[in-house]
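Each protein sequence line maps, in turn, to chains A and B. Residues 1 to 146 in the numbering used here are what the first sequence spells out, letter by letter. Residues 1 to 318 in the numbering used here are what the second sequence spells out, letter by letter.
Derived by calculation from the structure, the hints in this document are not laboratory data. Any given hint could be a false lead.
[What the hints assert, rightly or not] The calculated lysine-lysine pairs, modelled on BS3-like cross-linking and capped at a C-alpha distance of 25 Å, are:
no., chain 1, residue 1, chain 2, residue 2
1, B, 106, B, 133
2, A, 139, B, 108
3, A, 57, B, 317
4, B, 57, B, 5
5, A, 57, B, 106
6, B, 106, A, 139
7, A, 103, B, 291
8, B, 317, A, 139
[Stated by the list, open to error] If you only want the chain B side, here are some residues facing chain A, beta carbon under 10 Å, derived:
no., residue
9, 149
10, 271
11, 304
12, 316
13, 317
[What the hints assert, rightly or not] Residues from chain B shown here face chain A by an in silico Cβ test under 10 Å; the list is partial:
no., residue
14, 268
15, 275
16, 293
17, 314
Cβ coordinates follow ideal geometry from the N, Cα and C atoms, glycine included.
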Amino acid sequence: MIDLDTRFEPKIVGFLCRWCAYTGADLAGLSRIIYPPNITPIRVNCSGRVDPQLVLKALAAGADGVLIAGCHPGDCHYINGNVKTIRRFKLLQSLLEQFGIEKERVRLEWVSASEGARYASIVESMTEDIRSLGPLNWKQEVVIQA
Amino acid sequence: MTKPKIAFNWASSCGGCEIAILELGTELVELQDKIDIVFWPVALDFKYSDLETMPDKNVDVTFFNGAIQTSENEHLAQLLRAKSKILIAFGSCAHMGGIPALANTKNKEQIFNSCYEETPTTDNPQNITPLTKFSAPEGELSLPEFYNTVRTLREVVDVDYYVPGCPPVGPQIAKVVETILSGALPPKGAVLGASDKSLCHECKLEKTDRKVSKLMRTYETIPDPKRCLLEQGIICMGPATRGGCGAICLDANSPCRGCYGPLPNVIDQGAKMLSALSSVFDAESEEDIQKLADSVVDPIGTFYRFGLAQSLLKRTKE
Chain A
1 MIDLDTRFEP KIVGFLCRWC AYTGADLAGL SRIIYPPNIT PIRVNCSGRV
51 DPQLVLKALA AGADGVLIAG CHPGDCHYIN GNVKTIRRFK LLQSLLEQFG
101 IEKERVRLEW VSASEGARYA SIVESMTEDI RSLGPLNWKQ EVVIQA
Chain B
1 MTKPKIAFNW ASSCGGCEIA ILELGTELVE LQDKIDIVFW PVALDFKYSD
51 LETMPDKNVD VTFFNGAIQT SENEHLAQLL RAKSKILIAF GSCAHMGGIP
101 ALANTKNKEQ IFNSCYEETP TTDNPQNITP LTKFSAPEGE LSLPEFYNTV
151 RTLREVVDVD YYVPGCPPVG PQIAKVVETI LSGALPPKGA VLGASDKSLC
201 HECKLEKTDR KVSKLMRTYE TIPDPKRCLL EQGIICMGPA TRGGCGAICL
251 DANSPCRGCY GPLPNVIDQG AKMLSALSSV FDAESEEDIQ KLADSVVDPI
301 GTFYRFGLAQ SLLKRTKE
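Here chain A stands alone, though its shape is the one from the complex (with noise of 0.2 Å):
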């Protein structure tokens, strides 16, 4: 049996589109599909708008993953907002495994407003994967022990 008391229950922030991912997410809620409490949703206005700094500062504050999830491409609101996603999201990708940061903690993806089950099993995955890579813990483990 699993202790539900001691096992490590990640905390994951997410960077929801308003107009895709964020009403996926509501859309899960609504149809009342079950998937894991982890996530705490941001909305934002596009995820071509997540600031670098943001996904940073939410790994240095104590999160152990971040989910930046927006529209298809093709399907952005703003043309071509999440092309710019993409463009950041490679750079950061590849600054944060220089970090030691694992690449299943910081996720991009596409979930449109009719995704519900989809961003269910995202958030599912997620979890479970950053679960079983265990607490990130950055300024204890990394910062102030190193």
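Take the given structure of chain A and dock chain B to it, following the hints.
Just chain B now, kept in the frame of chain A:
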């Protein structure tokens, strides 16, 4: 009127900040009449005991350059904080870690291995590494402790002002000294001797809206000396860096490396530069974007060359 007492100190740094002060030239000689230098280990014969025996708040202004990498650096930071009315983090290292903070991509063991074992010029068959204490026949010897993580001055003690630059440029130093001596003190925590706008505002190179499909390192090309380097595919930290230096690197056809630090209200200079760089990518498909991103060889060394200790993540995880 008594002359203001000034102290200079270097911690973990190269000494370039001291040279920058000497570069004031005749102004420094004239300054001699206006100020009283009470501590300056690199240039004048002072001992740490001179400082220790001083009453608290005896020094009017201390210019502290260098990052905090050893227990000696930390001790001097605390000592000078106690003895000074105004403590200024002078230069990139004290301000945000500087080049020494790139050590935060390694740990102490790796650094010692590299310095005392692996470098081709090292001949150390007994693998001797520095110890903090050693008993010699003549008595016990001691060395400062070397820390795993380099910190900025602000992380160790309370800092009043920051003067960025590697090193701060001469005319800006003169202005800062003048401001402080005039008594019209800026609000605490201010960054002095720099502009509040990005370096691009004072860079003379021609900017268009050109995007790039290939990134190059400086040794791979000789850039057109009239056009924006970023638009020629050379990573220039200008968009994410404070101006004030006069864009002197650009005058030498060399890209900005970011020593003047982040702009006001920016927490993480590297993250901002990452955004700026991605905005000039001429790539639409995921593969093309990946290729461009992969061509940034050393993201930490590029985006945080001077600012790793001040960045949000501060060091790498092992």
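The hints, checked one at a time:
no.: 1; hint: B:106 with B:133; result: holds (24 Å)
no.: 2; hint: A:139 with B:108; result: holds (18 Å)
no.: 3; hint: A:57 with B:317; result: holds (16 Å)
no.: 4; hint: B:57 with B:5; result: holds (10 Å)
no.: 5; hint: A:57 with B:106; result: holds (22 Å)
no.: 6; hint: B:106 with A:139; result: holds (17 Å)
no.: 7; hint: A:103 with B:291; result: holds (17 Å)
no.: 8; hint: B:317 with A:139; result: holds (11 Å)
no.: 9; hint: 149; result: holds (6 Å)
no.: 10; hint: 271; result: holds (4 Å)
no.: 11; hint: 304; result: holds (9 Å)
no.: 12; hint: 316; result: holds (5 Å)
no.: 13; hint: 317; result: holds (3 Å)
no.: 14; hint: 268; result: holds (5 Å)
no.: 15; hint: 275; result: holds (6 Å)
no.: 16; hint: 293; result: holds (4 Å)
no.: 17; hint: 314; result: holds (5 Å)
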